[in-house]
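Chains as they are written, first to last, in our numbering: chain A, 1 to 337; chain B, 1 to 612.
These are computed hints drawn from the structure, not numbers from a lab. Fair warning: there could be bad hints in the mix.
Result set (DSS-like, lysine-lysine): computed pairs, CA atoms no more than 27 Å apart in a straight line [said to hold, decoys possible]: (1) B:Lys112 <-> A:Lys303; (2) A:Lys244 <-> A:Lys48; (3) A:Lys21 <-> A:Lys48; (4) B:Lys116 <-> A:Lys168; (5) A:Lys162 <-> A:Lys72; (6) B:Lys116 <-> A:Lys303; (7) A:Lys236 <-> A:Lys48; (8) A:Lys72 <-> B:Lys120; (9) A:Lys72 <-> B:Lys116.
Output of the computed footprint for chain A on chain B, the stretches with three or more beta carbons under 8 Å from beta carbons of chain A [unchecked claim]: (10) 279 to 285; (11) 375 to 383.
Quick caveat, the model's predicted, so the values are computed rather than measured. Just so you know, even glycine gets a beta-carbon here, dropped at the ideal spot from N, CA and C.
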Amino acid sequence: MDIQLFEHHPIIGYRFIPGLKARLEHEGGGYLVRVNDAGFRSEREFVKEKGDKFRILLFGDSFTAGDGVSNKFRYSDLLESLIPGIEIYNFALPGSGTDQHYLTWREIAKEYEHDLVVIAAQVENIRRVAARHRMSITASGEHVLLAKPYFDLGPDGSLTLKNVPVRKEPLKEEDLPEEDREFVDQGGRMLWLRQLVNKMGGPVKEMAQKLSNYQPLPEYDNAEGREWQLMKAILKHWTAEIEKPVVIMPVPLYHYVEETASADGYRARFAELEDWKGATLFDPLPGYYAVPKQERRGFRFEKDLHPTPAHHRFLAESLAKVLQNFTGTSAEVATAK
Amino acid sequence: MSATILGISAFYHDSAAAIVRDGEIIAAAQEERFSRKKHDPRFPRKAVNYCLSEAFIEADELDAVVFYDHPLLTLDRVLKSILSAAPRTEDQWLKASRSILGTKLFVEDYIKDILKTDVKVYFTEHHASHAASAFYPSPFEEAAILTFDGVGEWATTTLGYGEGERMKLLKEIDYPHSLGLLYSAFTYFTGFKVNSGEYKLMGLAPYGEPVYADIIRDKLIDIKPDGSFRLNKEYFGYLDTDRMTNDRFAELFGGPARTPESGITRREMNLAASVQNVTEEIVLKTAHYLRGLTGKKHIVMAGGVALNCVANGMLQREKIFDGVWIQPAAGDAGGAIGGALLAAYQKFGAKREMNPTGRDTQRGSYLGPAFSSNQVRAFLDRQSYPYTRVEDKQEWADTIGEALADGKVVGYLAGRMEFGPRALGGRSILGDPRRAETQATMNLKIKYRESFRPFAPSVLIEKTAEYFDLDEESPYMLLVAPVKEERRLAMDLDKFRGGDDDLLEVVNKPRSDIPAVTHVDYSARVQTVHPDDNPDYYAVIKAFEKITGYGVVVNTSFNVRGEPIVCTPQDAYRCFMRTGMDLLVLEDCLLWKNDQPEGEKDESWKTEYELD
């Protein structure tokens with residue numbers, strides 16, 4: 001039984017099925033997923049009014065939602081044990097882009113009182129914001145295309161939401177309108193090669209990476225490129241709407257963590273956000289370099305590139321140091337258990 | 001000491017997993033339901049995953065994993081048996097060694113590799129697992145225990161007793177002498193599939209006469225007064241070939257085995273009746289002996305032979321014991337529950353808590369996954385399948401009851417999936433038992449299976465005596481009981497008795513005012529429905545009764561022939577669209593066939609599932 005995890009959402013595209021409780025088979029031994037009534041992976045129900053705790057709203061994709069690990073091993077959940085007096089509402093949605101995170105904020109999250117917003121922009125999101133459809137695998141293992149919402153960037157910097165209400169039914173690639181065919185997110189470049197290499201497992205994948213010097217995200221190389229301009233505009237509009245402080249954290253892919261691809265492009269682009277009013281950029285990449293290379297290899301699973309529990313622990317400890325500046329907690333950050 | 005234990009049965013047929021916490025069964029499921037491969041024998045990784053999901057624990061929170069039999073003892077039996085008939089058994093050795101050396105001996109590595117944890121793995125003995133699965137969930141503080149199956153390590157039959165947390169096996173009959181293998185030999189010889197067609201043979205028995213019973217007793221099996229027996233090895237093929245019977249066996253019964261899927265003749269009907277007759281004799285004699293041996297007032301049973309509900313019904317009516325309880329997953333799958341319970345009580349010191357209502361602790365055998373209305377709607381909405389959501393429970397039950405009363409056939413998925421081979425109102429196809437044509441329609445247009453196969457009734461517990469001569473509850477459809485005399489209709493069977501083998505002719509004859517669930521011998525395989533076990537299903541039957549005056553419906557498993565019973569809403573929808581069902585119930589969502597999108601008639605089940 002391969003369980004269906006998501007339900008259709010007319011604006012965001014999809015979300016976790018509210019109230020779902022499941023264990024998913026995985027090369028790491030399997031992991032537990034609990035979804036609250038709001039439709040997000042969480043051990044607690046979300047409450048609109050804030051209590052005494054410093055509340056952080058967190059947005060991101062599968063890296064933040066915790067694909068491959070149980071809720072309690074995610075960096076969001078570990079942070080709560082690292083910094084006393086905080087609570088984190090994790091609104092992350094696997095497979096989504098920053099555009100959908102922004103929509104999650106607009107449609108659902110902004111109603112929840114909060115003190116801080118953290119936007120975890122996994123660097124691949126640049127490709128997802130430019131996409132109109134995304135390749136998805138159904139519960140029965142079938143590859144289908146699902147429509148997603150997207151923004152059109154106007155010459156004046158305005159954003160126009162398109163593709164909503166999002167179509168419910170899956171599509172086959174050949175059924176896509178001609179004009180949409182170049183806007184399909186296949187999950188990266190060189191789809192067939194990646195699939196083949198992933199199937200063959202760890203050592204082959206590493207060798208292929210070394211030999212090909214594969215650069216996963218050339219979209220960041222051009223500051224004026226369409227994708228980055230769109231991504232930046234989304235972040236700009238979003239941070240402008242948030243009345244509380246915002247932390248933007250680009251989350252690196254393993255190629256950058258393991259230094260098999262150059263991170264210069266994406267780091268340069270995100271550095272452009274450093275001066276934004278009310279927003280703090282936290283680039284965790286330099287922190288990774290302090291960890292021995294061998295240990296960094298353990299930050300992803302053998303086949304699955306998602307963060308392992310060790311990687312989540314690393315992210316939690318890195319981010320905790322930044323968050324303390326906002327929480328007012330002077331206590332020394334404990335080591336995550 | 002609190003302990004959570006995972007039980008596993010695998011590598012023979014019907015692999016399964018179960019999880020038990022402090023002696024309480026939390027979840028259990030067969031791998032076939034998830035893998036969609038009938039009787040799947042592979043390591044039950046999906047069933048294990050489900051059990052951990054239901055308990056909602058990490059693998060490293062398990063205190064132990066228990067495998068339901070002992071691979072080394074099995075290897076011992078296989079080696080000795082094969083050596084005794086060598087060199088004719090070379091092929092058998094190759095097959096057996098692949099299974100045992102290839103998987104069973106390395107089960108510990110398997111578990112650790114899949115769960116990525118260093119949990120301690122224990123091994124029990126096969127029949128101890130069966131015995132534990134029968135005794136611990138039963139409603140009896142103490143009871144005699146009887147297990148019968150094909151073969152475990154060496155044992156094929158065991159007799160013992162249980163008291164509180166203790167269990168002791170006193171006697172056993174060893175391979176190759178096996179009642180299970182005798183029954184399977186006839187299953188094979190009558191053209192059905194071994195380890196799955198036994199219940200078909202049982203269903204065929206009432207059409208025949210036990211004319212071969214004396215030959216079986218004279219030539220094939222020596223039955224002692226205490227029920228113990230020895231098979232005459234000269235007639236069986238399973239010792240030295242990959243066939244169950246040999247040429248001498250065929251000579252005894254007038255020619256070669258029936259070719260699978262060919263017409264069923266009077267010979268097969270009579271063979272079925274004959275081996276059934278012999279089986280009942282052994283069960284009753286053994287039960288008598290066991291009563292004297294243990295002095296216990298109640299009996300519990302497990303092992304594949306305990307699925308013979310005709311023999312069970314006879315045992316219940318004979319009143320050798322005051323009470324009979326049979327593990328609903330009596331076959332090897334149930335070994336997963338048994339192994340885990342055995343470890344819970346005998347290794348981890350769990351205290352046995354009896355059900356305060358006096359009923360069992362098997363929880364209606366609703367031990368599998370459930371799907372919330374949110375999950376169902378997520379699936380239906382994503383596909384844009386038209387449905388009506390009926391949140392009011394009474395209105396929901398009334399709608400289904402009305403459909404049934406109107407002669408509609410209803411696919412029904414609600415609540416947790418059953419553990420064991422029977423659908424009990426969690427994953428069922430329901431129909432109106434009053435209609436003479438229901439049996440043939442459901443067999444041929446919905447289940448696509450042999451026309452002679454009978455359907456079972458689900459009856460409101462308090463109305464049981466109005467329909468059947470049954471004075472005990474039968475929540476697991478494991479007892480066959482006579483339909484009340486006053487409900488029966490005389491049947492003109494002269495043509496059939498005169499030698500016409502047309503089973504359909506007999507099937508279509510009205511036999512009672514509930515013909516669809518009345519077998520040709522006026523018996524029925526009864527499921528009594530208790531509101532504590534399944535309030536929703538109870539409400540549906542109650543609604544049907546409100547309209548028709550009949551507190552009983554037809555209940556058959558939700559699948560087509562050769563397909564494992566459906567598990568998920570997706571499985572159910574697929575099966576619904578492939579068959580002539582009229583209404584599909586997926587929790588509180590109702591789907592009418594006529595509203596569904598027109599598609600090509602889906603015949604793919606015929607190639608997708610190997611016929612059983």
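Okay, the hints, checked on the actual structure:
1. B:Lys112 <-> A:Lys303: With Cα atoms ~18 Å apart, Lys112 of chain B and Lys303 of chain A stay inside 27 Å; holds.
2. A:Lys244 <-> A:Lys48: Between Lys244 of chain A and Lys48 of chain A the Cα gap is close to 16 Å, so the pair holds against 27 Å.
3. A:Lys21 <-> A:Lys48: Given that 27 Å is the threshold and the Cα spacing comes to 23 Å, the pair holds.
4. B:Lys116 <-> A:Lys168: violated, 38 Å
5. A:Lys162 <-> A:Lys72: Between Lys162 of chain A and Lys72 of chain A the Cα gap is close to 36 Å, so the pair fails against 27 Å, i.e. violated.
6. B:Lys116 <-> A:Lys303: holds, 15 Å
7. A:Lys236 <-> A:Lys48: holds, 25 Å
8. A:Lys72 <-> B:Lys120: holds, 24 Å
9. A:Lys72 <-> B:Lys116: holds, 18 Å
10. 279 to 285: With 0 residues closer than 8 Å to chain A, the stretch 279 to 285 of chain B misses the three-residue bar; violated.
11. 375 to 383: Per the Cβ count (7), the hint holds.
Against the hints set out earlier in the document, violations occur for numbers 4, 5, 10.
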